[in-house]
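> Full structure from sequences and hints, please.
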Amino acid sequence: MTGATLRLRARQAAPSVAAPLVAVALSALLCGVILAISGHDPISAYGEMFRFGTTEGSLLVAANKAVPLYLSALAVSVGFKMGLFNIGVEGQYSVAIVVAAAAGAEVNLFPPLHVTFIIVVAMLTGAAWAAVPAALKVTRNVSEVISTIMMNAIAAGTVAFLVNRWRDASETQLIKTKPIPESGWVGNLAQVSGAEKLTGFALVAVGLGAAAWLVVSRTRFGYDLRSSGANPTAAAVSGVSPKAMTVKAMLVSGAIAGTVGLPVLLSENIFHRYTQDFPSGLGFTGIAVALLGRNHPAGMAAGALLFGFLERAGQGLQLVDVPPEIVTIMQGVVLLMAVIAYGVANRLGEVQLQRATARELAHEAAAVGEPVGAT
Amino acid sequence: MTNDEGDAPGLDPGRPLVASGDTKPAIALSGITKRFPGVVANRDVNLRVDAGSIHALIGENGAGKSTLMKTLYGMHQPDEGTIEVDGAPRRFRTPADAIAAGIGMVHQHFMLADQLTVAENIVLGAEPASFGVLDRHAADQAIVELGERHGLPLDPHRLVESLTVGERQRLEILKVLFRGARILILDEPTAVLIPQEVTELFTNLEALRAGGVTIVFISHKLDEVMAISDAITVMRAGTTVATVNPANVDAQELGRLMVGSELPTPTGEAHTPGTDLALRTTGLRLVADGGRVLLDDINLEVHRSEIVGIAGVEGNGQQELIDALLGLTPADSGTIELGSRNLEGASTRERRDAGMGYIPTDRHREGLLLGEPLWANQMLGHQGARYSTHGWLRRRAARADTERVVSDYDVRTPGVDIPALALSGGNQQKLIVGREMTADPTMLIAAHPTRGVDVGAQAAIWEQLRQARRDGLAVLLISADLDELIGLSDRLLVIFRGAITANLDPTDITAEDLGSYMAGRRQEATL
Amino acid sequence: MTAAAAPRVLAEDLTEPEPPKKPALSPELRWAMFAVTGVAILSMTRVISGAADLTSSGLVTETLRLSVPFALAAMGGLFSERAGVVNIGLEGIMILGTWFGAYGGWQWGVWGGLAFGILGGALGGALHATATVIFKVDHIISGVAINLLAPGLARYLSAAVYADVGQGAGVRQSPPVKGDFPTITITPLSKALGSIEDHQWFFVSDLAGIGRGLVTGLSLFTLGALVLVPLVWWLLWRTRFGLRLRSVGEHPWSAESVGVKVLRTKFMAVTISGVLAGMAGVFIVTVTSSTYSEGQTGGRGYIALAALIFGNWRPVTAAGAALLFGYSDAVRLRGSSGVAVHAFLLAGAIATALVAAVAAYQRRWRSAAISATVSLVLLVWYLTTDTLPREFLPYTPHIVTLVVAATALRRLRMPAALGIPFRKGEAI
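Chains G, C and R, in that order, give the protein sequences.
For the first sequence, my numbering begins at 268 and goes up steadily by one.
For the second sequence, my numbering begins at 61 and goes up steadily by one.
For the third sequence, my numbering begins at 640 and goes up steadily by one.
In case anyone wonders, no lab produced these hints; they're calculated from the structure.
Errors might be hidden in some of the hints.
[Stated by the list, open to error] Computed, partial: chain G to chain R, Cβ under 10 Å:
| no. | residue |
| --- | --- |
| 1 | Gly306 |
| 2 | Leu403 |
| 3 | Ile413 |
| 4 | Val430 |
| 5 | Ile593 |
| 6 | Leu603 |
| 7 | Tyr609 |
| 8 | Gly610 |
[As the list claims (entries may be wrong)] Just a sample of chain G residues kept apart from chain R, beta carbon distances all over 10 Å, derived:
| no. | residue |
| --- | --- |
| 9 | Phe317 |
| 10 | Thr322 |
| 11 | Leu326 |
| 12 | Ala370 |
| 13 | Gln440 |
| 14 | Gly454 |
| 15 | Ala469 |
| 16 | Arg485 |
| 17 | Thr486 |
| 18 | Pro546 |
| 19 | His563 |
| 20 | Leu572 |
As the structure is a computational prediction, the values presented were derived from the model and not from experiment.
In this text, a Cβ means the ideal position worked out from N, Cα and C, and glycines have one as well.
What follows is the structure, given as structure tokens:
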């Protein structure tokens, strides 16, 4: 890469680096206004969030919360890379987790094998659930936005249906699946106190993120995926079958979505079984994290950690009598600000780059002594 | 109005010839300069258009004609210079201001909403209405009257999507007249018309001139300009270089003014095509959902070392033919053979990997990933065979090839890591041509290979194609540029309504003959 | 004229040599035909299955109660999408409508609720407009962001406002709204239709049931929503504002070139979209129920969007699709045991058999075979079971949406510039 090229790339990149920072700052400001309007002191609220959120235990919890969010974002990003909106991660992981929990409770295997078995079941289930919108899209031209949303609702029904049939008969109060034997558990990487711990599944998430990066940037499949997103017509002309690509991207996305609930099931949940109060909404938050991280494995990691931190730190707000729900608003505002900031930054970057390139060429031409075309 | 052999050109660059003291100019532009990021699109432009005249504005692609007209129509503001309309200085902030001053514009790409009716398209922005409720009756009446007065009849209730190209243009003109325009800007109005529709348009324009309308006519087709205009202003490299009287110049001189030197006429070189078949199609047929025939029994043969040109007005099946060859929209029936291989059931990827190259019709839509660096664009279309092994990309090979293309094809760029969007259109096109050539195709589909590139690059691309032909490449050349078709092709086919209607020898055919085949007025008895 | 033209005697008078081809049935008429056929199928299903509650007046009342939110939100979507802006944020905007509507209703009664809910919806719409129209954010991304933001905002506001007010209110629920919208009953007609309905005659009683449901206990808000549908059509197809709105969704560059303020028009359209979606939310908290509670919209905004698409971006047909979804929701709500929804299998079998027959008549053998197979499968399913798994019943409208999406004849024509960001002065 020549010096000129580096300069140009830096010029183009500068606004995109600044964008998330500006977005976070603006969001903090806006939420401060909301806090002030609703009669709370923003300074003391933020102060408390920071104090509570940065204790060692809190940081572990934040990282722990970030793991499923990261997996969810990763799943969403695979679709986004080719311009496919998989809004159905929510449904995919909720069905997958029930099936994986039930299947995991039925077998007794050598530990690593047991965990692998559960992961594979979850991924296959997620992919299967995503196959429906994929099939509807390529055969009936049904927008995946509509179909995945409907599949999310139907997933809720399916989960209730399955849990009722696979419930642990020995339990009477809550409806639960049978517990997974210890060989299927995943330990913690670190633990401060009973609830303040980081799941070992974080390693799986990091591995998946690295694998996703490798596949997207270094393989033909990744290239085809990216070109389909950047310019579907050009991709088709270059030999990518749009239908096949849609199906593949959707299945991969669904498979990754299948893993979203596993950190909770396999390590966080002390009973290691599916219960009806299993966390929901991770699929939707994952969309936010993917957008925030611009579908880049590292960016999404930062986004997931930010969201995890906000969620944990928000719990400290109760100490100063501020409804911790403000955190959900913060997340929404950060997202909205970020997508706007990215849009503006892209635009600025393009204009900057075109200008700079023209200047660079004019410079070069002047040195060589030949004119530059007007267009 | 025709131009006789003007013996004395009497060129007087910079000063209008037609204007005299007694006619006030309808438009007077002086010292107009317009800059875009990195580019000066118009530089010190002066233009004077007499009231009630047809004034042609000619120049090559990129000479700055459209930019100037957009300035005049208020679509953007000039950085320097003044605009006078009917003697009064004006500042147009929006097209609405220009419309209010009696200026109307017919864009090259029609600005019509397909799902709206003729009447809705015409009245939009100037609707007859009381308290916001449309007065549909008044609108219909006004449109019918206007149509009768200017000889431009149209049914106000038809949906635009059902109109022919000629009718759409008529609608565009009506739209402008409805707004009370007295000055009409037509941006390359004949680009999409067949010769007979052009004649009809010119009749309409003369009628409008007789009715006192001033017309500014943008074109790069010298013959047309000579036939219709009262005055011609030539633009080159963003500025006006001369205003001439068509009676006093000939096409050769106009051409020289346009390009600054003699016209680069492509000369057919003595060349004998090979005998090995590179591509053969038999009985390709494609029918649209509504029953419209898009491709009608296409039988093609392209040999190694041969360029076969396909001429035709755009929209007569060229794109469908390309899509069928590439396997994007497979034909309903018929066979395609690439060399000795039958392509039936082969995917696009398989066809590309088998050596089918493609210089696309629309480089932004089909040929580039604008946000990706040049070396990633180099892989596009060749990621299957050339730039991957066992599914892993060969990024280093792609970069090396890109470096070579950049130097061999004179792509002006600071480096291969720059996103494609930073390049000018001509340089993007050179990159694509270089990419397709590098991949060493057995058969190249070249659709409009020099569209939108400057003269120098055009000559270079033509030379590359000739060189590749000498080296044995088979080329199917689809183009709207007759000079290109005649100059490069070994054989020339004409496509009309999805069927090949003529098989001609480019060494003895005139553009006029070709035009009448393209318009479907003539067909060869046997092929 | 040659002899071959002789049969076209009537065409002689026309000035045009080729008389324009007679257009196929207008979409509205086709829908009317479908509706009549639909009632007949349901009637037949009722007679055969004995599931009485498929066309009763009570069910019709319930259907209206459940359809209006779909229809209002779909009208909202219509404004936005006809102006070229995809509005998947309808769901979130509806949530704002429910929260603000309930708050206003609790404070000042239902009319105050309506006003406040409209305000909340307008804010949501304006937010989507700001992101998409001004900042050119991808329309779906902006919509998703709003759908994430709105529930958070509602939760926070509830926590801030309802913490100590009692009346069952809290973080997840508002206190009940004060009062009701007036209702209308045309008593004599209602009674007469009621007696016909009671006879359980084939088709006649079904029609009477539907008629009775329409004239009994009809909320003024429902009536207003019913009137709104043709009003929206009139506004979009007969006024200057409507023409400009449609033009910016079809070809904004053309609209700009003739002086239409494209960005302003789009902004207004999306804001109006928010107003209507907000009204849909108000309807839910004032007519469908009487309090705000979390998760109450239950994806209705998405279903409304689907109704808009199936309605081919036209108001009357979109409202028809909204009715279909409302009906499927009403059937499962009233038939709590699932018998009525189970009867849908039979209705489906009859309908697909009909489609198969039509296809066979038109000699489209492949589709005839497929439809016949589906019909048979549904019939066997119906005959071998007594009920459907109850866990799926709450999601009946979603399943119907998916089935309709997968099977509907798709000759749909979306606004040409839908989803394409528009930048000023960037003509193509």
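> Work down the list of hints and note, for each, if the structure agrees.
Results for each hint:
no. : hint   : in the structure
1   : Gly306 : holds, 8 Å
2   : Leu403 : holds, 5 Å
3   : Ile413 : holds, 5 Å
4   : Val430 : holds, 9 Å
5   : Ile593 : holds, 6 Å
6   : Leu603 : holds, 5 Å
7   : Tyr609 : holds, 8 Å
8   : Gly610 : holds, 5 Å
9   : Phe317 : holds, 20 Å
10  : Thr322 : holds, 24 Å
11  : Leu326 : holds, 23 Å
12  : Ala370 : holds, 20 Å
13  : Gln440 : holds, 19 Å
14  : Gly454 : holds, 33 Å
15  : Ala469 : holds, 24 Å
16  : Arg485 : holds, 27 Å
17  : Thr486 : holds, 26 Å
18  : Pro546 : holds, 15 Å
19  : His563 : holds, 16 Å
20  : Leu572 : holds, 18 Å
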